[in-house]
Amino acid sequence: MPKMKTKSSAKKRFKVTATGKVIGGQAGKRHGMIKRTKKFIRDARGTTTLSEPDAKIIKGFMPYDR
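Residues 3 to 68 (the working numbering) make up the sequence shown, in order.
If you're looking for bench data, these hints aren't it; they were derived computationally from the structure.
Here the structure is a predicted model, which is why all the values come from computation and not from measurement.
Just so you know, not all the hints are guaranteed correct.
Claimed, not checked - Listed next, the in silico DMTMM-like pairs over lysine to aspartate or glutamate satisfying Cα-Cα at most 20 Å (straight line): (1) K13 with D45; (2) K17 with D67; (3) K5 with D67; (4) K14 with D67; (5) K37 with D67; (6) K9 with D67; (7) K13 with D56; (8) K23 with E54; (9) K17 with D56; (10) K13 with D67; (11) K40 with D56; (12) K23 with D56; (13) K31 with D56; (14) K5 with D45; (15) K7 with D45; (16) K14 with D56; (17) K9 with D45.
Sequences are here, hints too, so could you generate the full structure?
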């Protein structure tokens with residue numbers, strides 16, 4: 003049976019923690035910052051853990067990061 007391949011786009015954007023949660027960048031900060039509130043821009047810094055349905059999809063892209 004051939005090796006399973008990891009999606010290159012997923013390995014560049016996400017990381018799986020030791021407890022199995024998926025960490026990714028915050029959404030909503032690519033453009034349109036003028037209309038966003040200052041509080042939103044502050045809160046959207048750094049990374050965040052993905053929701054369970056999203057994490058399940060990403061884990062399917064990265065078979066060896068479990």
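Results for each hint:
no.: 1; hint: K13 with D45; verdict: violated (24 Å)
no.: 2; hint: K17 with D67; verdict: holds (8 Å)
no.: 3; hint: K5 with D67; verdict: holds (14 Å)
no.: 4; hint: K14 with D67; verdict: holds (13 Å)
no.: 5; hint: K37 with D67; verdict: violated (38 Å)
no.: 6; hint: K9 with D67; verdict: holds (11 Å)
no.: 7; hint: K13 with D56; verdict: holds (15 Å)
no.: 8; hint: K23 with E54; verdict: holds (8 Å)
no.: 9; hint: K17 with D56; verdict: holds (13 Å)
no.: 10; hint: K13 with D67; verdict: holds (9 Å)
no.: 11; hint: K40 with D56; verdict: violated (27 Å)
no.: 12; hint: K23 with D56; verdict: holds (11 Å)
no.: 13; hint: K31 with D56; verdict: holds (19 Å)
no.: 14; hint: K5 with D45; verdict: violated (40 Å)
no.: 15; hint: K7 with D45; verdict: violated (34 Å)
no.: 16; hint: K14 with D56; verdict: holds (16 Å)
no.: 17; hint: K9 with D45; verdict: violated (29 Å)
When each numbered hint is compared with the structure, violations occur for hints 1, 5, 11, 14, 15 and 17.
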